[in-house]
Structure formats: C-alpha cells, structure tokens
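S.K.: In case you want the letters, here they are:
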Amino acid sequence: MSEWFDFAIEHLPYVLQGIPTTLGLWASAMVIGAALGLVLAWARIYGSRPIYLAATVYVEIFRGTPMLVQMLFIYLGLPEIGIVFDPLTAAIIAIGLNTAAYQAEYFRGAVRSVPVGQMAAARALGMGQFQGFKNIILPQALRRVIPQWSNEAILELKYTSIAYAIGVTEITARAEKIGYETFQFFEVFLLIAAIYVVMTSVVAQILLFVEKRVSVPGL
Amino acid sequence: MLLRVENIHKSYGDAEILKGVSFDMEPGQSKVIMGPSGTGKSTLLRCINHLTEPDQGHVFVDGEELTSKNLNAMRQKVAFVFQDFNLFTHLRTVDNVAIGPRKLRGFDKKAALDLAYQELDRVGLSDRADAYPAELSGGQQQRASIARALAMEPKLILFDEPTSALDPELTGEVVSVMNKLASEGMTMLVVSHEIGFARQAADEIIFMEGGKIIEQGPPSQIFEAPQQDRTRAFLNVIEHGGHE
Amino acid sequence: MPYLVHGLSVAIALLVCLLSLGLVLGLLLSVAEVYGHWTLRIPCTVFERIFRGIPAIVLLLLFYYGVTDFIEMGSFMAAVLALGLRSAAYQSQIFRGAFLSVPQGQMMAARAMGMNKFQAIRDIVLPQALRMSIGPWTNEFSSELKATSLAYVIGVVELTRQAKYIISNTQGNILIVFAVVALMYFIVNRAGNWALYRLENRLALPGFEHRGDA
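Protein chains in written order, with the working numbering: chain A, 1 to 219; chain B, 1001 to 1244; chain C, 2001 to 2214.
These are calculated hints, taken from the structure and not from any lab test.
If a hint is listed, it holds; no wrong ones were tucked in.
Result set (DSS-like, lysine-lysine): computed pairs, CA atoms no more than 27 Å apart in a straight line:
| hint | chain 1 | residue 1 | chain 2 | residue 2 |
| --- | --- | --- | --- | --- |
| 1 | A | LYS134 | A | LYS212 |
| 2 | B | LYS1069 | B | LYS1155 |
| 3 | C | LYS2117 | B | LYS1109 |
| 4 | B | LYS1110 | B | LYS1077 |
| 5 | C | LYS2117 | B | LYS1077 |
| 6 | B | LYS1155 | B | LYS1103 |
| 7 | B | LYS1180 | B | LYS1077 |
| 8 | B | LYS1212 | B | LYS1077 |
| 9 | B | LYS1212 | B | LYS1155 |
| 10 | C | LYS2117 | B | LYS1155 |
| 11 | C | LYS2117 | B | LYS1110 |
| 12 | A | LYS177 | C | LYS2164 |
| 13 | B | LYS1069 | C | LYS2117 |
| 14 | B | LYS1069 | B | LYS1019 |
| 15 | B | LYS1069 | B | LYS1103 |
| 16 | B | LYS1180 | B | LYS1155 |
| 17 | B | LYS1103 | B | LYS1077 |
| 18 | B | LYS1155 | B | LYS1077 |
| 19 | B | LYS1103 | C | LYS2117 |
| 20 | B | LYS1109 | B | LYS1077 |
A partial selection of chain B residues facing chain C, derived with a Cβ cut-off under 10 Å:
| hint | residue |
| --- | --- |
| 21 | ASN1049 |
| 22 | LEU1051 |
| 23 | LEU1071 |
| 24 | ASN1072 |
| 25 | ALA1073 |
| 26 | MET1074 |
| 27 | GLN1076 |
| 28 | PHE1085 |
| 29 | PHE1088 |
| 30 | LYS1103 |
| 31 | PRO1133 |
| 32 | MET1152 |
Distance ranges between label pairs, derived from CB positions:
| hint | chain 1 | residue 1 | chain 2 | residue 2 | range |
| --- | --- | --- | --- | --- | --- |
| 33 | A | PHE130 | C | GLY2074 | 54 to 64 Å |
| 34 | C | GLY2074 | A | GLU211 | 43 to 53 Å |
| 35 | A | GLU211 | B | SER1137 | 41 to 51 Å |
| 36 | B | PRO1168 | C | SER2101 | 28 to 38 Å |
| 37 | A | VAL214 | C | LEU2130 | 33 to 43 Å |
| 38 | C | VAL2180 | A | TYR46 | 31 to 41 Å |
| 39 | A | GLN129 | B | ILE1238 | 53 to 63 Å |
| 40 | A | ILE45 | B | ARG1105 | 56 to 66 Å |
Cβ coordinates follow ideal geometry from the N, Cα and C atoms, glycine included.
Based on the sequences and whatever the hints tell you, model everything.
M.R.: Have a look at this one:
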C-alpha cells in the first residue's frame, strides 16, 4: 500500500496536468448540451410537425447509438467530406451533441410536469406563448430538472474519458502513458480511478449545494 | 388451554403501550378486544405472534412457549388477519390461499389447490378464485385473506380490526363470515368495534384502556351491566355512532 | 459486411455475459443491502459506490492492463468482468428500489404465516420486485449495449473495433461504415427494448398494467 502511495505521489503531478483538459472538455460539452437540449425540448413540445419529427429523430439517434461511435464518426468520418477537427474539438462536439439528446428528454419531462394552469395564467396576463415559456414555465422546469441534470453531468464527467480513444491527452490518456513508461498499469489506473471518484464526489456536492440554494418552497 | 398470554409489556421509546396484559383462551372460544384507539389493542395482538417483539412476558400456545426458535412453526398455528388485508399482490386469489399449504405445510400442488378452493368456498369466494387481489373489492379481499388464514388450518386466528379499512356497506359480508367461523367452533381473538359480531359470536369481551385490561366478561355483562365507568362511557360512544 | 456481422455477434456475446454477471451479482447485492446485517450492507454499498464512480473506460483499462498482472485473462474476459461488475452496481440500485417499493405489508403477511425471511423474499417479495424492475432494467440494457463499444480500447474485436479495422484496410468509406455500425447498434437497441417491453406487459398484473407506450 505504501509503495502505491509513493508511486501515486511521484506521478500525480503529471496526471493532474490533464485535469484542466478533462474539466474543460466536460464543461464545454455540458454547455453545448444544455443549450441544444433546451432547443430540442422546445421543438418536441411546441414545435410544428416537421420540427417535432426532426428533433425526435435527433434524440433517438444520439440516444440509440454509442458515444464512441459518434465520436469516431466525427473525428475520423467527417474529414472525408472536408470537415476536420482536432481531437479535443471533436470530443467536445461529440459529447456535447450526445448529452444534448439526453438533456432534451429531461427538460421535456420537467416542462411537462409544470401544471397546465401556469401557462394558462401567463397567457391570461397577456403573455405570448414564448414569453410564457421563458418567464413562467422555464424557471419552474429548470428547478425541477436539477436532480436529473446533476446525474447527467456526473455521468458525462465520467464519459469524458472516452475522448482518450481519439487521442485527447486528458487524464486517462496521461495515465496510460505512465503505464507504458513504468509498466505499473495496475497502480496508475487505480490512481486515476481514485481521481475520478474524488472528482465526481466533489461535483456532486457542488450540484447538491446549488440545488438547495435555488430551491423554492412548494416546487 | 389453547392460548395463555402472560404479563405482556411493550414500550416505544418513553411511551409504554402495554403495561402487563394477561389472559387465557380455551379451544373454540371467541374473544373480542375493545377499547379506545391508542390503547395498545393492535400492539397486543401483534405481540401474540411476535410480529412485534414484546419487551417482557410470555405467550403459550397449546402449552408451548413462543420463542425466537420455534417462531415460524408457531405462526403456522396462529394465523393473522390484517386490517389492510395484505394479500400477495402477484398471486391470484386461489394461489394466495394455496401458497401456505404448498410452501409451508408440504402439500403438493393439487392438494394445496383443492384445499384453497374449499376454503374459498367457505368464505363465499369460489367465483373469484382466478382474480388478482387488485381486481377484488375490499370486502372480497378481506374474505380472501380469511381464507388464506383458514388454509393453514390454524388453532387460532387473530383478527386485527378486520373491517376498519372497509366501506360501511362492505363490512357485513366480512362479519357474517366471521360469525359463521365462530359458530363452527374456530378459536378467534378479534380486535374490533363491530358490536354485531361481539354480541352474537363472542364468548367474552376484553375491554382495554391505557395498556391494561380494565374489564372482561361475557357480552351480556359487558354490554348490559358494565362494572367500570370507563367501559360504560366507551360503549355509549360506539353504540350511538360516535367516533371509532 | 460479414466482418461487421461478426463484430456485432461479439458485441452481443459480450453484452449477454456482462448483463448476466450484473444480474446475478446485482440481485445479491440488493438483497444484502435491503435485508442484510449492517456488516454485510456496508461493504456492498462501498462496492456499489466505487464501481459507479469509476468511468467504464478506466475500469476496462484497470482490468485489462492491471488485473492481468495477477490473473491471466484475455481482453474479452477482462471486458466481461469490468463492465459486468459495473453493471452489477447499477443493477443493484434498480433491484434495491424495486424491493423497497414492495409494500411492507407483503413481507409482514408472509412472516405472519410462518415463512422465514428467505422464503418470504423468494416467494413473495422477489416476484413482485422483479416485475417492477423490468422497466428500469430496459434502460440498463441500452446503456450496456452502448458500453460494449468501449471494449474497443482494450482490443476486443467487437463491432466498433471491427469497423476501425475495415476503415484502416480499405482507406475510405469511413462515413458509410460508421453509419452502418450506428444503425446496427440502433436496431439491436430497439429490438431489445421492444422485447423487454413485451415481457413487461406479459408479466403485468391486472390492476398494474403499463400506462402509455414505450
């Protein structure tokens, strides 16, 4: 055990240098996912038939296929038609597009759970449909969605490790590099397993704190 | 003597629910426990088959003391009918009745089903044998749960407020089944405020208050000439359609 | 195409193995967590937390490169263990929720008849809990189908790895190959969900039928 600690302390700085990449990748993808997810949710609730169908097909495809395949499609496939990304950008786009599909479903469920009377009251005040959505429905729906959204955020934090497969030098890739240099694979992967457990726990605590801060009685 | 209950005590935290309760039952007797709510009647009933572990005291069935060692064997002799039925949700009515004989009494499938149909007939539910509990009315569910108890061929059945979760118009069918069992000689200990059953079928009324037995005796005595003021006051309330 | 079909069969074999391991172990974990003594509960909870906290890729690498230092095994076996143990952690959550949602009166009535705890769990609570688990289990099926693609990183020649080989050999058609691969995952996912939905409806008890559609 103490040998492992010595090993861990020796190699920790190199692995930790990957954390900004991991967290940056995660945060960018989550922002893309939230923005696109909201649009998709809007489209699936209020959209006209073609818009609804397009959004539904998007959600089904991204939820029905593996993220790794989506990432390889973007990183290896799109250059065929002249669209080239560096690995990090490709990973951000892939994870962002993927999480958007999941977030859309959570947003949709949350919007649906806001009582119909809320929109009716907003319209009765003279708000348009979009105003009513933005000012009345969304603030309530967003509060309701936080627990699920937190879950999704933590899942995605773990999924950033998939970017390793297309050569992004986040923490998993750095760990593998150390593995090949030292041939102490077990020790180094144990180390990053611990780092992920710590990272996800910290993020979970922060999100729980946010949830408490923005909560409203009765919601 | 079929059942001997000796000095049962039970507390939850600081609240002493049962403060030393003792009584006996002979085979074939029916006794009804009455008293204001919160007096520990249901707790007493649960202590008798150790669904609730008493803090102190002893329970003997047929001269054998109930202990943690013989618990499951003894419970097969002392059936329990719940206020909220607790039929097994995933089993058809007939399978609810058959599961005891099949899994606990070593019956083969056919014998268990034969017995189950027989017991369902006894409670007037043969025609609902294939229904699932969720498809039965409350009164039917309670009759099915009585059939489930009967299929264990127990020496004694404990009834925990068997009609209090039912709409008033459904209590009659359950009470008449209970009357019939009493007249057939089943030994029954019933927590209930069903005056009709108490007058017609009970050999003895046990009146409890504050975790103790205050008065006991035949229905004629308890209903016509109660010795205690508390008993009289309580009977006044329930006979004239007050709370409870 | 035949290569892709072969890759798909490896992916499905991996899926079946890991889900089976996860099912058996997940059930045991959930029973221990719901009904076990605290000395049993705590290690089970720790196992669950750890395996849910570590990314699938890291677990795959840990088992393939790490554990093989101590125990000899191939990449397929390492993938079954890594993903199967992780799935056990997720499945134990599903089953635990289902056990807890069976009303307490069911256990009480079973015990009042004279069943011991084991009989009551096996004959009364489990059949009800398993029915309730099928819905959430369908999600787990989908997640794990997609997770099999991650075995790519330790060199299991499943569908995604097979696609990569084809691309390297033929130098082109990358978009088409990946589109076909994506379609294959999509179809298996849909077929699995449909079958599980059918199963759920078939086992549904009167009064507890599914409302709404899949």
